[in-house]
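Residue numbers (this note's numbering), protein chains in the order written: chain A, 1 to 415; chain B, 416 to 905.
Think of the hints as simulated: they come from the structure by calculation, not from any bench. Quick reminder that beta carbons are idealized off the backbone N, C-alpha and C, glycines included. Careful: at least some of the hints might be erroneous.
In silico BS3-like pairs for lysine-lysine, Cα to Cα no more than 25 Å straight-line [said to hold, decoys possible]:
1) K614/B - K417/B
2) K400/A - K770/B
3) K432/B - K346/A
4) K417/B - K770/B
5) K507/B - K578/B
6) K346/A - K400/A
7) K700/B - K553/B
8) K770/B - K346/A
9) K417/B - K698/B
Listed next, with one range per pair, are the computed distances between beta-carbon atoms [unchecked claim]:
10) N231/A - R540/B: 33 to 41 Å
11) N625/B - M31/A: 43 to 51 Å
12) R540/B - D202/A: 52 to 60 Å
13) A511/B - N270/A: 42 to 50 Å
14) D734/B - G293/A: 34 to 42 Å
15) P301/A - N625/B: 50 to 58 Å
16) R457/B - D45/A: 58 to 66 Å
17) D366/A - R457/B: 27 to 35 Å
18) Y809/B - R266/A: 27 to 35 Å
19) D734/B - L413/A: 52 to 60 Å
20) D202/A - L745/B: 52 to 60 Å
21) D202/A - W641/B: 46 to 54 Å
22) L548/B - D202/A: 55 to 63 Å
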Amino acid sequence: MFGWEFPPHILGGLGTASYGLTRGMWQCGDMDITFVIPKPWGDEDRSFAHIIGASQVPVAWRDPSREYVESRIGNLMDPDLYFKLRSNIYADFNYMRTNDLGCIEFSGRYPDNLLEEINNYSIMAGVVARTLDFDIIHSHDWLTYPAGIHAKQVTGKPLVIHVHATDFDRSRGNVNPTVFGIEKDGMTHADHIITVSNLTRDTVINKYGIDPAKVTTVHNAVTPLSEELLNVNPPRAKEKVVTFLGRITMQKGPEYFVEAAAKVLRNNHNVRFVMAGSGDMMDKMILLAAERGIADRFHFPGFQKGKQVYEMLKASDVYIMPSVSEPFGISPLEAMQMGVPSIISKQSGCAEILTNVIKTDYWDIDAMADAINSIVTYPAMYEQLREDGLEEVNRITWDKAGQKVIDIYNKVLGR
Amino acid sequence: MKAICFYFQIHQPFRLKRYRFFDIGNDHYYYDDFANEDIVTRIARNSYIPAAESLLRMIEQSEGRFRCAISVTGVALEQFEQYVPEFIDILKKLAATGKVEFLAETYSHSLASLTDPDEFAEQVRLHDEKIQLIFGQKPTVLRNTELIYCDELAPQIYSMGYKAVITEGAKHILGWKSPNYVYSAADCPALKLLLKNSKLSDDISFRFSNADWDAYPLTADKYIDWIAQTPPEEQIVNLFMNLETFGELQHRDSGIFQFLEALPRFAAEKGIEFITPSDAVAKLKPVGELTVLHPISWADEARDTSAWLGNKLQREAFDKLYSVSERVRLCDDRRLKQDWNYLQASDHLFYMSTKHMADGDMHSHFSPYETPFQAFTNYMNVLADFIVRVEEQYPLSIENEELNSLLTTIRNQATEIETLNKEVNSMRKNIEHYNEEHLLREPKAEEPKKPGRKPRAKKADDAVEPKAAKKPGRKPRAKKTDTPAETPEA
Chain A
1 MFGWEFPPHI
11 LGGLGTASYG
21 LTRGMWQCGD
31 MDITFVIPKP
41 WGDEDRSFAH
51 IIGASQVPVA
61 WRDPSREYVE
71 SRIGNLMDPD
81 LYFKLRSNIY
91 ADFNYMRTND
101 LGCIEFSGRY
111 PDNLLEEINN
121 YSIMAGVVAR
131 TLDFDIIHSH
141 DWLTYPAGIH
151 AKQVTGKPLV
161 IHVHATDFDR
171 SRGNVNPTVF
181 GIEKDGMTHA
191 DHIITVSNLT
201 RDTVINKYGI
211 DPAKVTTVHN
221 AVTPLSEELL
231 NVNPPRAKEK
241 VVTFLGRITM
251 QKGPEYFVEA
261 AAKVLRNNHN
271 VRFVMAGSGD
281 MMDKMILLAA
291 ERGIADRFHF
301 PGFQKGKQVY
311 EMLKASDVYI
321 MPSVSEPFGI
331 SPLEAMQMGV
341 PSIISKQSGC
351 AEILTNVIKT
361 DYWDIDAMAD
371 AINSIVTYPA
381 MYEQLREDGL
391 EEVNRITWDK
401 AGQKVIDIYN
411 KVLGR
Chain B
416 MKAICFYFQI
426 HQPFRLKRYR
436 FFDIGNDHYY
446 YDDFANEDIV
456 TRIARNSYIP
466 AAESLLRMIE
476 QSEGRFRCAI
486 SVTGVALEQF
496 EQYVPEFIDI
506 LKKLAATGKV
516 EFLAETYSHS
526 LASLTDPDEF
536 AEQVRLHDEK
546 IQLIFGQKPT
556 VLRNTELIYC
566 DELAPQIYSM
576 GYKAVITEGA
586 KHILGWKSPN
596 YVYSAADCPA
606 LKLLLKNSKL
616 SDDISFRFSN
626 ADWDAYPLTA
636 DKYIDWIAQT
646 PPEEQIVNLF
656 MNLETFGELQ
666 HRDSGIFQFL
676 EALPRFAAEK
686 GIEFITPSDA
696 VAKLKPVGEL
706 TVLHPISWAD
716 EARDTSAWLG
726 NKLQREAFDK
736 LYSVSERVRL
746 CDDRRLKQDW
756 NYLQASDHLF
766 YMSTKHMADG
776 DMHSHFSPYE
786 TPFQAFTNYM
796 NVLADFIVRV
806 EEQYPLSIEN
816 EELNSLLTTI
826 RNQATEIETL
836 NKEVNSMRKN
846 IEHYNEEHLL
856 REPKAEEPKK
866 PGRKPRAKKA
876 DDAVEPKAAK
886 KPGRKPRAKK
896 TDTPAETPEA
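Only chain A is shown next, with the shape it has when bound in the complex:
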């Protein structure tokens, strides 16, 4: 499997989903999974998959001693594997910026030279594909499609790509042609395409012109939360708290949340609104909240990570995700796990599988305001959504999603 993010060092939902799915497939048994990521930190959970860091894969010949390799990258990779990979270098990449071990350094993030990093990742993939023995290639999201295609061309093994999002979601329609090109290339070369929702499936079929028979939806799931996270005990505000958690970007529809908040506050003063996260629209949103005259009730605590996320959720009475276009959207499921009733837009992929949430159109700020009011005003509504939501989300497990992916593998392999 080729991926870009892997917990605990994640930037968005991609890492969480890749992790959950891999683990879920492992739970189904009889799977030997190797997961390639750009830059491991050494604290990843390796119990269910071999993790290879692209930053530790040599693409140019160097001759370090075993001891040196051990001391340099021993915590990240078995030195034997390093030497095995080294013997499969297929071209001279000395002209590239490589380090003392002949490896290319990856940031593992989304830097400005992202396209270059994607290309390097694909070069590295050629070495990995020649070294390892496997049956099928699985690429998570567009960043790793070129690597997948490369691996397919080298080995002739079938390629499955996993579409976690498309550029149509990220850009509200103003597609970046380079990104579109990479995505389209990946979809064309893939033997099968997995999408995280029917919404995304439609995009793939209609916007990228892919044969529907080749595209299957496997909805995401959630990993059960640990006791520690479930029992966080943050201070509760006197007022009811409505929370938005996520990147503050065009895709997430933050302005609709601000407008809905303004409507709610016109009649109900016992509510506070929180927009946690960061993003290119944050300043605009602060300005908008001030313009609407609700800045005293509308808060921007900034980017939350790790445990903070769960504390934030625990302290909330309503979770809201007004995304304009959300391929899946795992965060409402996490909110439900924490027992927080959620309001999501109908334009989110997770709306396809959730019933104990309130769904509104992202632009329907009246309905959104009404839903917020209803949950904070009527205790029965809160309790009903909370309890049934908890029960519902606990049934959405990764092993079921994993089994579906395994079925797709078997189909592709003709077994």
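Got chain A sorted already, so can you dock chain B onto it with the hints?
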């Protein structure tokens, strides 16, 4: 002799419009007139009118051997009056044949019986009045909302003057028993129970046009055969269904009307007659008592009240609604009372069900909302406004009992004032009367007045007047010195 007891239910709620939180306190009109008119006229055209015409034809063609029972809720009648009065005319024709019995039920199709006996009685009374007014019949058999029944209700229903109740032949209540008999209520043996034969009723209302059903297609002779094949000692088959079954749940193209109209002919061939609920309880003896500890109904797979009160949302809405019922009964604002009737319709709670699978399909089929949460939010917003209006009538700080006694005092004051007024009037009349008399007598009294006799004394001794007239001269004089004992003589 076997008999079929047909009963058809007609109900349409006043559906609510999209009522926002911001409307609370500002907008006091709650109903989606467009949707209501649209749905009511559509269903009337597709189903109610043709079905009622079929019944009319069946009665005519069978020369009165076909009979059945119908119940129409008050809120449905109100909508028919507004949108399709022609349907009421057909119902009147059915009533005029004398072969159709109208049953009692709650005016609003409400669940009042489950929480508020006073409101339940009031609802049934309102409905009876309306039926009497339109169809000239006084119902004697009760059909509670959605066939809800339990032992607790029996004594009240009996004391309200009904001979029988029709309810669901729920499997978990009957056990090995058959619904094809008349039973009596456990807590009140004088009250009889007619139980719906679920299998045969649902064959028509739910399975009739289902091509996957092994008995498909269902024909009238086959159906009557099934009834004829029931054990000979079972005397009555109760087929209770929604009138919407004909033409709406089962489409006209499925041949449901032809099926219905063919029934009397095949029944006659097999010697099966038709009977109305009140005839059934008059003719047939109950075979035993039936204990129903928890309320049953004809809805959903569970046949209990979980269709309306199955989750927290529904409970909350239900409790909130009936928390003001006493207040509403105390007041006499007509619009408030009207809204009270419309908001009580159990349908609003039905839309809030979070059940899944087959039951869930049934709920969402009837619901104008996309999700139960939307249904709840909308209803609660309306209810919030309604409660504000109730509170405006009487301040919330006064307890119901206190308010009641205050109101009684006020009402009593009115009657008191009235009686006092009457008294004043009659006294005034007395005075006038006296004055008149006095005036008349004045000339007569003139003569005795000369001796200076007091007028008061005169009345008592009218007869002795001549005598007294001679005496007076002495008396006043004597009075000064005489003992008081002398005065009565005068």
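Comparing the hints with the structure gives:
1. Straight-line distance between C-alpha atoms of K614/B and K417/B comes to about 17 Å, which keeps the hinted pair within the 25 Å bound.
2. About 23 Å separates the Cα atoms of K400/A and K770/B, which keeps this hinted pair within 25 Å; it holds.
3. Taking the CA atoms of K432/B and K346/A, the gap is about 22 Å. The hint holds against a cut of 25 Å.
4. For the proposed pair K417/B and K770/B, the alpha carbon gap of about 39 Å is over 25 Å, so the pair is violated.
5. Simply put, K507/B and K578/B have alpha-carbon atoms about 24 Å apart, close enough for the 25 Å limit, and the pair holds.
6. Of the supplied pair hints, the one linking K346/A and K400/A holds, its CA atoms being roughly 24 Å apart against a limit of 25 Å.
7. A C-alpha spacing of about 23 Å is found between K700/B and K553/B, which places the hinted pair at or below 25 Å, so the restraint holds.
8. A threshold of 25 Å between alpha carbons decides the hint, and for K770/B with K346/A the separation of about 21 Å falls inside it, so the pair holds.
9. Distance check on the hinted pair: K417/B and K698/B sit about 12 Å apart at the alpha-carbon level, within 25 Å; holds.
10. With their beta carbons about 56 Å apart, N231/A and R540/B fall outside the hinted range of 33 to 41 Å.
11. At roughly 44 Å, the beta-carbon separation of N625/B and M31/A lies within the given 43 to 51 Å, and the hint holds.
12. Our hint of 52 to 60 Å for R540/B and D202/A holds, since their Cβ atoms are close to 57 Å apart.
13. Between A511/B and N270/A, the C-beta spacing of about 60 Å breaks the proposed range 42 to 50 Å.
14. Separation of D734/B from G293/A is about 37 Å and conforms to the stated range, judged on CB atoms against 34 to 42 Å.
15. Checked against the hint of 50 to 58 Å, the C-beta distance between P301/A and N625/B comes to roughly 57 Å, which is consistent with it.
16. For the pair R457/B and D45/A, the beta carbons lie near 59 Å from each other, so the given range of 58 to 66 Å is met.
17. Take D366/A and R457/B: their Cβ atoms lie about 28 Å apart, and the range 27 to 35 Å holds.
18. Checked against the hint of 27 to 35 Å, the C-beta distance between Y809/B and R266/A comes to roughly 29 Å, which is consistent with it.
19. Between D734/B and L413/A the C-beta distance comes to about 58 Å, which sits within the given range of 52 to 60 Å.
20. Between D202/A and L745/B the CB atoms are about 58 Å apart, so this pair conforms to the stated range of 52 to 60 Å.
21. Roughly 49 Å separates the CB atoms of D202/A and W641/B, a value that falls within the hinted 46 to 54 Å.
22. Between L548/B and D202/A, the C-beta spacing of about 57 Å keeps the proposed range 55 to 63 Å intact.
Of the hints listed earlier, those the structure fails to meet are numbers 4, 10 and 13, in rising order.
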